[in-house]
Amino acid sequence: MSDHQPMITLDGVEKRYSEDAPPAVERLSLDVHRGEILVLVGPSGCGKSTTLRLINRMIEPTSGRIVFDGEDVTHIDANDLRRRIGYVIQRIGLFPHQTIAENVGTVPRLLGWDRGRISERTDELLDLVGLDPSLYRDRYPKELSGGQAQRVGVARALAADPPVMLMDEPFGAVDPITRDRLQNEFLRLQEEVRKTIVFVTHDIDEAIKMGDRIAILRERSVVAQLDTPSRILAYPVDDFVDDFIGSGSTLKGLHFERVRDLELSNDYPFVRSSESRGDTRRLLADSDARFALVLDERGRPERWVDDEDLSRGDPSETVAGLGPKVIAMVEGNATLHDALEAMITSSAGQAVVVGRDGAYTGVVQIEQLTEVIRRMRAEAKAHYDRLRGRA
Amino acid sequence: MTATATASDPATGGPRDRWSPRDDLGLVVTPFVLLAVLAAYLTWLGAQDLPQQAASAITGDKLLTQTREQITITALSTLGVLVIAIPLGIALTRPWGKRFAGPALAVANAGQSIPAFGLLVIALAVLGRVFGRAQDNILQNTIGEALGPGLVISVFALILFAILPILRNTMVGLQQVDPDVIEAGLGMGMTRREVLWRIELPLAVPVMLAGVRTALVINVGMATLAFLIGGGGLGVAIRSGIQLAQNVVVVTGGVLTALLALSVDWVGAVAERILRPKGL
Ligand SMILES: Nc1ncnc2c1ncn2[C@@H]1O[C@H](COP(=O)(O)OP(=O)(O)OP(=O)(O)O)[C@@H](O)[C@H]1O
Ligand SMILES: [Mg+2]
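Those sequence lines, one after another, are chains Z and A. With positions in the first sequence counted from 1, the corresponding number in my numbering is that position plus 5. To convert, note that position 227 of the second sequence is 222 in my numbering; the numbers rise steadily by one, no gaps.
No wet-lab data here; the hints were simulated from the structure. All clues given are correct.
Some chain A residues judged to face chain Z by a derived CB distance under 7 angstroms, without partners named: (1) Asp175; (2) Glu178; (3) Ala179; (4) Gly182; (5) Gly184; (6) Thr186; (7) Pro197; (8) Leu198; (9) Pro272; (10) Gly274; (11) Leu275.
Here the structure is a predicted model, which means the values were calculated and not measured. Glycine included, each C-beta is placed from N, C-alpha and C at the ideal position.
Using the sequences and the hints, build the whole thing.
Structure below.
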């Protein structure tokens, strides 16, 4: 069982619910790699849930093969298989007559763990999903908010530490702010647990945020495009994908590039705030720039000054307090999207980049962003041209 | 929660957050009220100067026996209904049994709409022959001997009569279980049987209990008619009173029947309270 072998393989899988109806899933083939989040995204009714339910044999394919960890799933007892796969269903489905702890302990109980181990594990999981065990352990599902119930649903699916999770719109039923928080928490969790996850959503933004790779599905679960979020955003293969990812895909693509990976420009002269106006003015005149940057004594960007600011008062006075404050400022690990936002809010064509300590490291120009966009598109296009050439 | 068969069920009105003593106040007070009414009536009865005929129709011994018979008929017929209707209700909601649900409910409906007297007579005609034909029949020798054939036949008739509420409520109770909850159970690797026992049945319990309570109340009332085919019960006192034209006797039979019905309903209510799963 090498690490290169996919965790799950669908091979020409087809599902018809009835003879005369069109198939809900039509000849679907895809691999899910170990430790990745593969997002299935597509319009309502396109067969996402059906695809998920085929993987854990809640329903059986009409034809085709599904391989789980090197084993054909039809050779595994369905209940065994399901105990090895965490499953978060579309509407959570907590057991209303059981406490939160009992809900979370379902699979461990089925696996015959002893009580002590189950209750230890339950508390650990509640902690993990951000619910204080002492407060929530003995509550019933009706005593939870929607967001809390979703967390319990996730904890329950994680209970027996399954290597694989199937998540069907796990954050569907909550407000956008709570959803954003649950998503962030889940991504942080995934850093720790590194599960293989198939994640279903109909929200392209959620797909872009959560997915290591995204499969955009059209009717009957036909894959329209399967790739990393940034490549899909940079190069939608057809009109369907283009429409589905919607407007602003270029901007969304900037989420995947970081400021620190750019070649920062150092065209602007910079001085400490203790520097004299005269010296600074000479420095500025010697450069090609129209502005100079004033840093505080710890090297943090403070203000922009131009020749006019520097010509005021006595040239021997310090530059401290002159000129407008630096507003567009981002850290090196910020995304290009953050940088663009900073530029736009400050209506400047550049943003000042600082290190983690807040010290000045350079400037990113808006032209660099457009250049990055051009490069991403070209690379994605070249990638697909290569694929087509090979085909 | 489905309203079809839960009219007599105050407990399923809606979710409650915390238990409060007020919820159960009625349950605690009811038996005392019933006992007080009984004591008051018996005291009044004792103070009456009854004609000989009337007094001999309602001796303590006779009333005790009749009450015991009435309770036996009620308990046995309800038990019989439980044993038949619950498994049947479960079977009729399984994927393989669904298509029989319609016909089965139709039969149960018919059972309940036949007039009670007719049902008793039919039961007598059919079962009486069974009793009569084989003298060494098990029914005759064991159960019949101990309880009297009239009583046994009454029990069978009442079983038919009260199947509907429990059958229907078992089915409704199981059908109203959220399919997502079942999907979650199966999706985590529970077997069908585990899902039935650990999820579906507990969640159906409140509705099922409402049906049991309805059946109990029907049976305790109907048991009053058992005297028609020699089954005993408090109906005997009422009939004597009518025959002797002694209103006191009729009223005594009536009051005891009513108190018994209320007590049985109370038992049903207590069962609902205790057996209802927490969290619903
Ligand atoms: N049990 C079923 N029996 C018959 N048809 C079904 C069944 N489940 C789903 N379908 C059909 O299969 C198709 C795909 O359904 P599915 O639930 O997989 O869609 P989905 O992509 O998950 O949609 P949504 O985003 O709304 O959850 C739909 O046309 C649906 O009507
Ligand atoms: Mg779905």
